[in-house]
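Enquirer: In case you want the letters, here they are:
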Amino acid sequence: KNLHQLLRKWGGGPLISIIGSGDFSRVPLHPFAGLWFRVMVGSRNPTGVAVGSFPDGVEVVSHREVVQAAERVVFVAMFPEYYHTLVGLREQLVGKVLVDVSNATRMDLRRESNAEKMAELFPQSRVVKGFNVVSAWDLQTGAHDGSKQVLVCSDCPESKALVLDLTRRLGFSPVDLGGLCASREIEEVPLLLFPSWGGPAHGHLSPFPLLLSLLVSEERFSSTNFHWCMVMNQTLPSISLVLLALVYLPGLLAAGVQLWRGTKYQRFPAWLDVWLCRRKELGLLSFLCALLHTVYSLCLALRRAAGSTLGTIEHQSVWRSDLFLTCGILGLGVLSLLAVSSLPSVGKMLSWREFTFVQSGLGFTALTLSTMHTLFFGWDLVFHPSAYPYYMPPVHMLALVLPCLVLVGRVMVALPCVSRRLTRIRRGWERKPQTNKNLME
Amino acid sequence: KNLHQLLRKWGGGPLISIIGSGDFSRVPLHPFAGLWFRVMVGSRNPTGVAVGSFPDGVEVVSHREVVQAAERVVFVAMFPEYYHTLVGLREQLVGKVLVDVSNATRMDLRRESNAEKMAELFPQSRVVKGFNVVSAWDLQTGAHDGSKQVLVCSDCPESKALVLDLTRRLGFSPVDLGGLCASREIEEVPLLLFPSWGGPAHGHLSPFPLLLSLLVSEERFSSTNFHWCMVMNQTLPSISLVLLALVYLPGLLAAGVQLWRGTKYQRFPAWLDVWLCRRKELGLLSFLCALLHTVYSLCLALRRAAGSTLGTIEHQSVWRSDLFLTCGILGLGVLSLLAVSSLPSVGKMLSWREFTFVQSGLGFTALTLSTMHTLFFGWDLVFHPSAYPYYMPPVHMLALVLPCLVLVGRVMVALPCVSRRLTRIRRGWERKPQTNKNLME
Amino acid sequence: KNLHQLLRKWGGGPLISIIGSGDFSRVPLHPFAGLWFRVMVGSRNPTGVAVGSFPDGVEVVSHREVVQAAERVVFVAMFPEYYHTLVGLREQLVGKVLVDVSNATRMDLRRESNAEKMAELFPQSRVVKGFNVVSAWDLQTGAHDGSKQVLVCSDCPESKALVLDLTRRLGFSPVDLGGLCASREIEEVPLLLFPSWGGPAHGHLSPFPLLLSLLVSEERFSSTNFHWCMVMNQTLPSISLVLLALVYLPGLLAAGVQLWRGTKYQRFPAWLDVWLCRRKELGLLSFLCALLHTVYSLCLALRRAAGSTLGTIEHQSVWRSDLFLTCGILGLGVLSLLAVSSLPSVGKMLSWREFTFVQSGLGFTALTLSTMHTLFFGWDLVFHPSAYPYYMPPVHMLALVLPCLVLVGRVMVALPCVSRRLTRIRRGWERKPQTNKNLME
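Protein sequence lines, in the order shown, are assigned to chains A, B and C. Just so we're aligned: 315 in the UniProt record's numbering is position 315 of the first sequence, and the numbers increase by one with no gaps anywhere. Just so we're aligned: 412 in the UniProt record's numbering is position 412 of the second sequence, and the numbers increase by one with no gaps anywhere. Just so we're aligned: 320 in the UniProt record's numbering is position 320 of the third sequence, and the numbers increase by one with no gaps anywhere.
If you're looking for bench data, these hints aren't it; they were derived computationally from the structure. None of the values given here were measured: they were computed from a predicted structure. Hints should not be assumed to be uniformly reliable.
You can't tell identical chains apart in this list, so a pair holds if it fits in one copy or across any two.
To be verified - Heads up, simulated SDA-like pairs for lysine to any residue below, C-alpha to C-alpha not over 25 angstroms straight-line:
{"#": "1", "residue 1": "LYS264", "residue 2": "ASN45"}
{"#": "2", "residue 1": "LYS117", "residue 2": "LEU272"}
{"#": "3", "residue 1": "LYS280", "residue 2": "VAL411"}
{"#": "4", "residue 1": "LYS96", "residue 2": "PRO344"}
{"#": "5", "residue 1": "LYS280", "residue 2": "LEU330"}
{"#": "6", "residue 1": "LYS117", "residue 2": "ALA182"}
{"#": "7", "residue 1": "LYS264", "residue 2": "PRO190"}
{"#": "8", "residue 1": "LYS264", "residue 2": "SER43"}
{"#": "9", "residue 1": "LYS264", "residue 2": "LEU400"}
{"#": "10", "residue 1": "LYS264", "residue 2": "THR47"}
{"#": "11", "residue 1": "LYS280", "residue 2": "LEU362"}
{"#": "12", "residue 1": "LYS280", "residue 2": "VAL401"}
{"#": "13", "residue 1": "LYS264", "residue 2": "ARG427"}
{"#": "14", "residue 1": "LYS264", "residue 2": "GLU59"}
{"#": "15", "residue 1": "LYS280", "residue 2": "ALA161"}
{"#": "16", "residue 1": "LYS280", "residue 2": "THR368"}
{"#": "17", "residue 1": "LYS96", "residue 2": "GLU116"}
{"#": "18", "residue 1": "LYS264", "residue 2": "MET40"}
{"#": "19", "residue 1": "LYS117", "residue 2": "GLY95"}
{"#": "20", "residue 1": "LYS264", "residue 2": "TYR83"}
{"#": "21", "residue 1": "LYS96", "residue 2": "GLY409"}
{"#": "22", "residue 1": "LYS117", "residue 2": "ARG38"}
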């Protein structure tokens, strides 16, 4: 009478056998698994497992019973130091496919992986590595789609095919990574910390210490009273401006590549692809720097107001100072809107066109405002010899180069002749490959 | 043996045929479509389609093969400039239902729509417009429920009924908009930018330039030194306060209408319905203005502290200035909480009662604090003749009118005699329609 | 031909009968219910129910028809004051299971509950309380998993079992709370406001008024000019610092308990469990206090700069003041990152390891920075007799005690000998229970 029971009987969904009742054992259990499959979990102490720690319909029995009832695939959801406790069940595991779901504890690709250890312990079973990337945590919180990817590897092709198929039916998207030696890399994936931030943080924050040391040396030599806060407050906006320009540079480069090739049906070079995917992280770093710069400016202005006269704002005319302030405040406001729209739940609410408007339209507005803010700040200094101690231009002028280039590039792409061609290419038009044709003949 | 294959066979889910393999072709493919339906995608160059760009089980073939295999409905997922490439398949498409999923490129209701063009090209096929509102982007990011609406129109009622049914089975909620001429409007829907913000931005920000010009003229005449930042910093809080009052006015009006009618079973007038739906956007605009006002105030106070004496705060007693500051800071804090709770992911976590408490309880607290902040600011000026240059009251006093009215209204609705009646009405009680009854007899 | 119809026929999903067509009647209607079940809704005025207010496939008929067609279970989705309108259907309801889904209007456990009233009105029906905790609002917005819990109670065990099973099949997770008298509590659950915030707000903000009064009295006696803002600005950071320390104390206590017991397979004491679950709320309160403290500091510094000399920053050396400022700004920045990562949609994007890094690594960084910020602030005052009026230490020194203890505890847990043992325990190792063994023999 129960629909689910009927479905399960008809579909003949295989039995899923799991050894181990800890957090790991929940990994292959997609929330909907219980609907289609029969699930059996083996525990060292089956009577001690708290009621309710597994969803309805999951049977909790002893290790031995799980192995005896198992069809072909057995998930081993234990810490690797306890694999030896299964040695007594070696006979029953002959010919079975053991799926190892454990993680590495340290980053060291030279060590033997847990899956390889298991393969040594059970030479007559077929070991497949998989499901360790999907953490029980992610499943519980209903995490993002990316985590539904399951990396799989094995030395036995048939067993791997079996597991790949099972994975797909469990609602994940499997990725075949080859032989069991790949398990060393697979086991280290959960140890990676913010992998998508690695590029931006390493590649693009590298000028940070350089800039900082440049500024420190400049300040140390040029002025008698050296102030750490002042130096921070000149480095941060420069970094922020450059990062913001780096967010919009790859889009222009991509447009350039498409124009040059005359088609959109060729892949971008790999480095450009990576860069395009990291724009969000670059933008958020830029926003963070801008925010810190704001707070620093306020605090420094307070201290200055309280007596010590270190500022540069007072030298300026009121009109320029008004524009300087307004550009800065509005630029920060627009950047905040961009940051809010990059929150996953807000981004989901936007249609594609709205997202484009926010990220491209508002983004270039923010870049323009920030550039103007910097220009108004440094206007006087440019023509003053004291701004070039030891013939070095001040840092904020160096930081202006890239943003200005990006803005010029944006204007050029927006020119009617260029933009019309670009639109046509993006709607599928292709330039006749004349040269190729000639070569063919 | 595979459950999904079985289900598909039993269910006899129709074949979904799609011509075109670009982004558009993913539109009718709801993430779960592949589970229940057989999907066939036609490409100009079927061997060139990258593996993995479509989900498992989707067959990628040539245009001709798709059309030949098609049951009755064929989705045409191409840019309109390529429709003519299908002319060679006209014979095979006779009697088929062509679903056009393309978008307009410009807002111009006088032009012929893409669907109408297609109907001219294939006079013996039945053209239905639909699915263009659901963007591939939305589906990919698992967007909000609103985007599951599919606007459909056609001149052939049977074909439309077929597509409406298919749409429903694909997991969308179709809306029938009539004949094919409606396709002009449907094609422009994806071009709309933040449609729910249109009302608030246009209707309620219209006083902004008016206020600004009023203030500029006031300042220009009254003071010798005119400051743009000062003017902005007087306009922004006034706008913010008025917008916040406009957030809570429609709720009071709705309560008034219900009290007057004595029932909740009648629809509100259309303008009130629209207004009630736009409260969130009004509130966020108000928060943005308040935030900018805060930053401006800090920056201006800094400049003032650095020498130029333009301020008004110094004239006040310390106690009033304390209250003025505290009301402002706490008001901004409460508004921030409101803004955070309007983030979709946070809002989802709140129960209905918590949402009411935050939006209504905290909202009126914010309104009260902002009103007091403005009152404490302007207390001295009210009784001073210099505050009325050319017999015009200062802007912040004009801005106080609406908030005070709303607060008085809120207090009246909270009076026991009124609130008890309102609660009864909202729980389904109806006043006996005596007059109607008399008229009936 | 329609798959869903087939599934419905095959599965024999029971008919769901609901009396009442208001918001309540949507409660048992999980978004997917219509897929598997036949749904019938009874209305006072079935022709007056707007088309589209119920999903496709729901039949809207009169109360009488619903009751006549009902299988065994009838949901009563009305306000309790209208139960008497069903008295005429008493005959048909004999032996049926009535599920009461209404809520209480006030918190008063001595009153008779709505379900008990219904049981009196229909003595020959079996009344089950349930589904009132799941609000129609939550279902509509697709709320969090927590709200899928359905609290159920009844005096008739068979009827309860029936409803528990139905609940499970509707996609909720039922919780059996015993006899019908439990309905008094169940009906008040929706009236609870932010129950998870109750503990932190009541238990941990209790020192707030105490501190405030302490400071007020100190200020009143010690200085001639008393300033409310100054007092607030000393109380807020102290509260913030103590709350932040309270976030990280329970984790250390948990580690201590595990080390002492030598196993992870015993539950923590109840108060520690509750405390561990409230860390997020404590952290957010701490962040709020820190934010208000920042704004207050800026405003006060402005006023001070404008003439009145109340400050303490000027007395310090520039280097210490730099460190003081930088620690404060960076501490607030790190706290902001923590607050952002506690947004549900952002938290979902993080893997378990990333979440640990953010909440534990960044958290202790923020605590260290805040403690240093406070230390640098009070350095001078510690050795100055004027800091101890009436032999009481200043408030910020009292606030430092707990954070310093927590930091020392963290360092001790990180010592190699301790941390190695802790890791082993958390991976399932257990100390041999020697004493128990001896006792057994």
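Enquirer: Next step is simple, just say for each hint if it's right about the structure.
Expert: Status of the hints after comparison with the structure:
{"no.": "1", "hint": "LYS264 <-> ASN45", "verdict": "between (60 angstroms within a copy, 14 angstroms between copies)"}
{"no.": "2", "hint": "LYS117 <-> LEU272", "verdict": "neither (40 angstroms within a copy, 39 angstroms between copies)"}
{"no.": "3", "hint": "LYS280 <-> VAL411", "verdict": "within (22 angstroms within a copy, 36 angstroms between copies)"}
{"no.": "4", "hint": "LYS96 <-> PRO344", "verdict": "neither (42 angstroms within a copy, 41 angstroms between copies)"}
{"no.": "5", "hint": "LYS280 <-> LEU330", "verdict": "both (20 angstroms within a copy, 22 angstroms between copies)"}
{"no.": "6", "hint": "LYS117 <-> ALA182", "verdict": "within (13 angstroms within a copy, 55 angstroms between copies)"}
{"no.": "7", "hint": "LYS264 <-> PRO190", "verdict": "between (35 angstroms within a copy, 23 angstroms between copies)"}
{"no.": "8", "hint": "LYS264 <-> SER43", "verdict": "between (55 angstroms within a copy, 15 angstroms between copies)"}
{"no.": "9", "hint": "LYS264 <-> LEU400", "verdict": "neither (32 angstroms within a copy, 57 angstroms between copies)"}
{"no.": "10", "hint": "LYS264 <-> THR47", "verdict": "between (61 angstroms within a copy, 17 angstroms between copies)"}
{"no.": "11", "hint": "LYS280 <-> LEU362", "verdict": "both (14 angstroms within a copy, 21 angstroms between copies)"}
{"no.": "12", "hint": "LYS280 <-> VAL401", "verdict": "within (22 angstroms within a copy, 41 angstroms between copies)"}
{"no.": "13", "hint": "LYS264 <-> ARG427", "verdict": "within (9 angstroms within a copy, 51 angstroms between copies)"}
{"no.": "14", "hint": "LYS264 <-> GLU59", "verdict": "between (54 angstroms within a copy, 23 angstroms between copies)"}
{"no.": "15", "hint": "LYS280 <-> ALA161", "verdict": "neither (37 angstroms within a copy, 43 angstroms between copies)"}
{"no.": "16", "hint": "LYS280 <-> THR368", "verdict": "within (18 angstroms within a copy, 29 angstroms between copies)"}
{"no.": "17", "hint": "LYS96 <-> GLU116", "verdict": "within (16 angstroms within a copy, 57 angstroms between copies)"}
{"no.": "18", "hint": "LYS264 <-> MET40", "verdict": "between (50 angstroms within a copy, 24 angstroms between copies)"}
{"no.": "19", "hint": "LYS117 <-> GLY95", "verdict": "within (17 angstroms within a copy, 63 angstroms between copies)"}
{"no.": "20", "hint": "LYS264 <-> TYR83", "verdict": "between (52 angstroms within a copy, 19 angstroms between copies)"}
{"no.": "21", "hint": "LYS96 <-> GLY409", "verdict": "neither (61 angstroms within a copy, 48 angstroms between copies)"}
{"no.": "22", "hint": "LYS117 <-> ARG38", "verdict": "neither (29 angstroms within a copy, 43 angstroms between copies)"}
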